[in-house]
Amino acid sequence: MISVLVFLPALFALALLCVPRANASLLKGIALAGALGTFALSCVLLPVAPAGAAQEVSDWIHGAVGAAYHVRVDGISVWFVLLTTFLTVPAVWAAFSYRDLARLRGYLVLLLLFEWTLLGLFTAGDLLLFYIYWDLMLIPVFLALVAFADTPSARRAAWGYLIYNLAGGLVLLAGVIALVLHTHTFEVLNGSFPFTPVLQRWLFAAFALAFLIKTPVFPFHAWMPAAYTQSPSSLVAIISGVQSKAGLYGFIVFALPLFPDAAQYFAPAMLVLAVCSILYGALLAIAERNAKTLVAYSSLSHLGLVLLALFAFNFTSLPAGVLMIVSHGLIAAALFLLVGFIEERTGTNELAAFGGLAAVAPRLWVYMLIAGMAVLGLPGLSGFAGEFLILIGAWQTQPVYTSFALFTVVLAAVYALRLLQGTMHGPLRVPADVPPPRDLRPRELGLVAPLLVMIFFLGVWPAWLNDRVPAQNPAIGHTTALVQPR
Amino acid sequence: MPQVPLNLYLELSAVLFIIGVIGFLLRRNPITMLMAIELMWNAGNLAFIAFARNFIDMSGQVFAFLVITVAAAEAAIALAIVVMVFRRRENADVDDISVMRG
Amino acid sequence: MTIQGVNFDFGILGPISVLVITGLVVLLVDLVGRAVPRVVLYGIGVAGCAGAFIALAPLYGRSATTVNGAFATDRFSWGFSAVLIFTLAVTLLLSSLRNADDGNSPASYAALLIFCTIGGLIMAGATTLIGIFLGIEELSLALYVLAGTGYPRPASEEAALKYVLLGSLASGFLIYGSALLYGSAGSVSLSALSAAASSLPLLFVIGFGLLLVGLAFKLALSPFHLWTPDVYEGSPIAITAYMTVAVKAATFAVLARFVYTVFGHDSVALVPLWLLAIFSMLVGSFGALRQRNLKRLLAYSSIAQAGFMVVALSGVGEYGLSSLLFYLVAYALMNLGAFAVIAMLGDGDEAYADIDAYRALFYRRPWVAVALTLFLFSLAGIPGTAGFYGKVLLLEQGFAGGPWGIALALALIAGSIVSIYVYFQVVWAMFVPQEGEQPVTAGNSWLTWVPVAVGVAGVVALGVIPQVFVSIVSSSM
Amino acid sequence: MADFFLGAVPLILLFPLVGAATIALFGPYVQRSASAFIGCLSIGLSFLLTVGTSFVIFPLSPAQQTLYTHSKFVGYWAHLPPDLIIGFRLLIDPLSLLWMLIITGVGLLIHVYSVSYMASDKNYRTFFAYMNLFVFTMLLLVMADNFLWLLVGWGGVGLASYLLIGFYYDRPVAVLAARKALIMNVIGDVGIMLAMFLMYAHVGSVSYQNVFGHVATIGTSALTWIGVWLLLGAVAKSAQLPLQTWLPDAMEGPTPVSALIHAATMVTAGVYLIARAHPIYDNAPAAAELVAVVGGVTALFAATIGCVQYDIKRVLAYSTMSQIGYMMLAVGAGAFAAGAFHFMTHAFFKALLFMSAGIVIHALGGEQDIRKMGGLATRLPFAYWTFLVGAVAIAGIFPFAGFFSKDAIIDAVLKLHHPYLFVFTVVAAGLTAFYMFRLVFLTFLTGAYRGDHEVHAETERTMTVPVAILAVLSLIGGWIVLPHHDELSFLLRSTFADAPFPQSMADFNGWLSFGVLLIALAGIAFAWVAYQWRPQIAAALHRSLGGVHALLTNAYYFDTIYHWLFEWPVLALAQWLRDAFEVDAVDALPALALRAGAYFGSLSNRWETGYLRRYGLTFVVGAALLLFIYLFVAHGATAGAAP
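Chains as they are written, first to last, in the numbering used here: chain W, 1 to 486; chain E, 1001 to 1102; chain C, 2001 to 2477; chain R, 3001 to 3643.
Next up, chain W with everything else stripped away, as it sits in the complex (with noise of 0.2 Å):
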């Protein structure tokens, strides 16, 4: 059932294959059915949190060290794998609009291939099935970015986003290989192994790198901001919202609970990155002249924010982070949907070519008004609650790194406004090579809709989610040993 979870997109990706590149309606319908399949499927899933689990396993290596075919759900990894599934619908359909017909058909191929790579890394029960998917969501993209990189900057934003995270992954594999030849198998979920303190911390090293290199976070981030910009935002949509959190949940899944004292021996050193990358990308977006990009910078801080949750060690803010996990994936899907339904109608996204699109688009201010207070962190919206629970709970263990991410609460009210401003108010501007910009059509209205429904919901009511995510898994188990609840 898992299985076929996962692999149902890329056997729709097959389909697509056999379907005519003319045949574009019929292209569009596969896609849209495959990826609404796949969220239907997934939805199955739901009742698993938070306490239970949904395991499959089959032989799969044995030998030196042994490996079996284990995926699994549980009531953490189902969040990230419904998030998946659940951004992925609205970026097939935004694809629609991509804006080369003749190879829409390979785009979506690629589209479906990265839903199931990264589904895969979410259910992996198994270190070397994680690691397999981990580097394989790496080449969709990078051959989507390749067809697209007419630019040199295009070409740079390629070229980084493949070698950094490979790099970071291959730095990863010599971790996991020196992990395994101390576990002997790569089932190392749930075991709790006796590592020396010096190989923890080195393992932990290795596995963090990669982790912190995928989020990114601060100063590992040089590869996102070009790729980010340069995706078509139907793809970015997808790597910020869902491939960024792939990091995190290797250090809640795998890295926190392999090894929780070098864990804590790292921490500050963590705790730093974070408040680094919070204030380094909110004062970057703050500076920024390019909406994507700004986005970009935005989730850079944000996702800041979750490493900080996860680092303060408090009972409160590990079940914040994951609330702010995926909220956050629904906020920068939002807005980076938004954005490139924009640059659509502008053909830019440089703040400084257009604005005040509200005069001629209200529909689409309304869309981006309620994106933007999202990522502003307007209260009642999801963004607010993950922000708040994460800083109350760190507050409790940490408020010194605490209080100075505060100070970002403030910047995204700056950098927000920047950019719901830039783009929508003030007198009407637009390039002169262009038509006056259409409202929203109900194709792109629809495809937002249920992300901006989603950051009401999760903002009025996140104990929704948080009751479904178990308040101790094993991360919280071992990580918050050392800290007394109050």
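Check before you lean on any hint, since a few could be wrong.
Said to hold, decoys possible - If you anchor each label on the Cβ, the simulated ranges turn out as follows:
| no. | chain 1 | residue 1 | chain 2 | residue 2 | range |
| --- | --- | --- | --- | --- | --- |
| 1 | R | V3621 | C | E2318 | 35 to 43 Å |
| 2 | R | I3397 | W | P436 | 51 to 59 Å |
| 3 | C | S2199 | E | L1026 | 32 to 40 Å |
| 4 | C | S2199 | E | M1084 | 44 to 52 Å |
| 5 | W | S153 | R | V3621 | 23 to 31 Å |
| 6 | C | P2058 | R | H3635 | 43 to 51 Å |
| 7 | R | P3242 | W | G52 | 47 to 55 Å |
| 8 | R | F3566 | W | S153 | 27 to 35 Å |
| 9 | C | V2460 | E | I1068 | 45 to 53 Å |
| 10 | C | I2003 | W | G63 | 37 to 45 Å |
| 11 | R | V3621 | C | S2199 | 22 to 30 Å |
| 12 | R | F3501 | W | G52 | 51 to 59 Å |
| 13 | E | M1084 | R | A3585 | 57 to 65 Å |
These are calculated hints, taken from the structure and not from any lab test.
Quick reminder that beta carbons are idealized off the backbone N, C-alpha and C, glycines included.
Guided by the hints, dock chains E, C and R onto chain W, whose structure is given.
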């Protein structure tokens, strides 16, 4: 008559070997270089035979015979290749044969 | 059967005998019939390979010696022999392309390839210094000639000349090293050497050092690699493909035999080998970064890959040999596959040696591009391919292999990181939309589809269900 | 009946929300008047329910007056380990009821007023949607039963205020003003968040009940910090020092918005917060003192600025700031009932002032500069008289509402021994009277009309009726507190039962109020002298006090100071990070790696010269090195192996 001690043979072979190496490095004519290489191989042969005599063991001599035979074949092939090169160029200075690099 | 006190077990010598006969048959057919079409001759060759396989099959998992113990079939020989024969078959298929080896007599070409492989088989099975020397020389002498068979191109004869001169130089070191080893042990059999290896007397150290130089030359380990790019670029594509795999297979058989029978578990005595490996990984990976000629790029990559394979031996561990063999099989599949694609597209000639010829190939020949992409992914070690699991096995050996092993493993990681760009720049060229200059020819011979298909199937299978091959390999020893 | 109203309390909250949603979703498909109707209707229904509820609540005994709604839907907003529980509940008690009455009541009047005031605007529907959204969030703010939902409402009113200040979004000035307002409000939100962090740390909850119930267990220092952080939120929302600079700019919004949000309701949320959190301030004297000081200083500070402004709405904005200063002073000093009282009366007369000013602006086609007015008393008599009522009320002239409420505050300040603050209040009272009548004279009297627009008559009933109602309320609104008979503090007694000071304003200090009245009259007299009887006096004052005048006109240069103190450094840092650091440091690493890779690559390629002899040489040297190393290692090995 007195035995020539083993180490004299070895020293001689070592000297021959080094001469061969130096010759290979200094010469630019492939034929000469091949001769230098023959010198190295025969240094090996000398060592083999000396050891064989030392151990009163045939296998060393067998090895030497094999080396001599292979050397003949190898020389033939090498000369053929040199001739093939000659056919295009009038001279066969190895320094001129450096199209591929990098 | 026994001739003058020397016993010959033609069961053990089966593959060699079959290939010998095949070679002679090829020559005879060419002699009697006039203008025999190339395909027939190569067909005979391929049939011979099949026969050799059939002869090899019963030796699976067997361990026995013949020729008074000078030649053995055992865990060191079987797998490597299989790889050698497979390589021969693929090479013959690639050579059958229209533009391949013009201006040569196909019969002698095929026979040379076959005898070459016989040399490799001898190396794999030889248990004495004499046998090793004999095998190496037979392999090398034939290759010197084959390297020159791209005759009309000056590069080819340059390759031949460089190869023959440097090869003979290396042989000189090999011979002299063997002599000193013989002197240190009083016997040419490897088993006798292990006694000397335990105490490392001066003669042994110098002797093995010199021998190692000779082997390192064959493996193209840096700093004895300088000939590799030129020779690989100059030789015809089929021969280059053959060299990259067959020579490695045979020489690694020898090396593994040395490491396991002579040195046992004393990996310190092999420090020079480890240093060579680390150096090769870096030099090969970096050297490939700026190459625009695909053959040359793969030459540098093969330097690095040779270094990778050494990592398998670093622990001298229980699974070291099987890991080495697994990676060798993977390498044979992906490398031969890549060369097969190059050869196919150029129909045997160099049209597709230049990376720029691959511009937007995906949009012209999607399936070929996908196949080549797969091979390159495997070379780069992308998960789901044979190369990836091979690397996993290598790293397991490395990290388990003490300080030197860890150093080697880390060097492997570093090399892989560097070579990301190496392999992906080709992928890039194939998928980047804007068209490059149209290529000269774009052949599509079904004969070369065979190795490509085999390569694809193998690369995927070894990557997705490695267990099957791991068990085959490990129970072959 | 009672059960009906208590059961319907959630509807008070929901009607405006439903109204806003309806207008937003279906507004474009129905005619303009329909959305206006929906807007007014929803507020009207909330108002009726509120009135009904208050008739149920106020008669009850103090013990029963505080009640929490239990909606059918039982759940938590958040329920996180170890013990963070935040629920969905509404709180109804006299304090929140008072605010709800004003919000819905005045809100209804202003909605009706807007029907014709905004009639000509192209975003008519949007306006009503925003206004309803505001009323909803404001009600949420006062009906929340814990600090989190208070913060949700708090942010919500901030959003509504942002949207309405920036309502004319094609005016860059309006856009900037809106941005400024929202950012400053977010700073306030951070303050409230910090306060909540401390509450959670010490009490393990953020609900009023638990926090106020365990105030005793919290240390005084922590309590003081909580108070200070709450105050930060309050000053941001209520435009008190030092976060006051956004309010004058907020006057860029439509006049009804200024009346509702930036005079009557939202800006008093700070006062509500302090009054609501009075158990904290009762036990943290230092924090309470700070509140009082902030309030008193702001009252005087804003009043001085008000004396020199020429934009009619800005004058009113500064007077709002000053009047809220009075309220903050009152709640800070512990006279919570007095603060609430002044909030009520101020809501009446300030809304009145804005709306009659709105009539003037409307009639003059958007003109706001009083130098371009004058002599309008004859042309706009209705506006004149209503504005006069408001002015008299705010100036604190007997028997108008302002007299009673302001007097209660000054009285309390004196009683509670804040001598210097007492002086501030008295001086501010005089200044208030002065600048209000300066406004009256310059706008309606003082010679002939100086503007260039022709003056439209004031006809629309929907505009005049609400203004008239408010005028009446400004007159009688204060009579709820009369000597020896204080109805208000009686109504509020249950909320402030545990306050340390008696809340009753019944004991009436006649001499004091007489003195304050005289001071107010003096202010009026001076305004009359300087602007009506002998205008050259004002001119002479400007000349002689040029420096002071410039200082006041520029509001003590706060904007400039803040720009150079906060805005500029942050932006400069951000720019530097973007243009220098990101490029030179963050991208430097990969760039360096690439260059290194290319370098090593070229190294390994340049080695490959193609010259055979170079190859041979390398080969031989390599072999020699290898031998050397091997010998070295082997000897080390044997040496190591030797026993």
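Here is what the structure says about each hint:
no. : hint                             : in the structure
1   : R:V3621 with C:E2318: 35 to 43 Å : 37 Å, holds
2   : R:I3397 with W:P436: 51 to 59 Å  : 57 Å, holds
3   : C:S2199 with E:L1026: 32 to 40 Å : 38 Å, holds
4   : C:S2199 with E:M1084: 44 to 52 Å : 49 Å, holds
5   : W:S153 with R:V3621: 23 to 31 Å  : 45 Å, violated
6   : C:P2058 with R:H3635: 43 to 51 Å : 47 Å, holds
7   : R:P3242 with W:G52: 47 to 55 Å   : 54 Å, holds
8   : R:F3566 with W:S153: 27 to 35 Å  : 34 Å, holds
9   : C:V2460 with E:I1068: 45 to 53 Å : 50 Å, holds
10  : C:I2003 with W:G63: 37 to 45 Å   : 43 Å, holds
11  : R:V3621 with C:S2199: 22 to 30 Å : 29 Å, holds
12  : R:F3501 with W:G52: 51 to 59 Å   : 58 Å, holds
13  : E:M1084 with R:A3585: 57 to 65 Å : 58 Å, holds
In summary, the structure is inconsistent with hint 5 from the numbered list given earlier, while agreeing with all the others.
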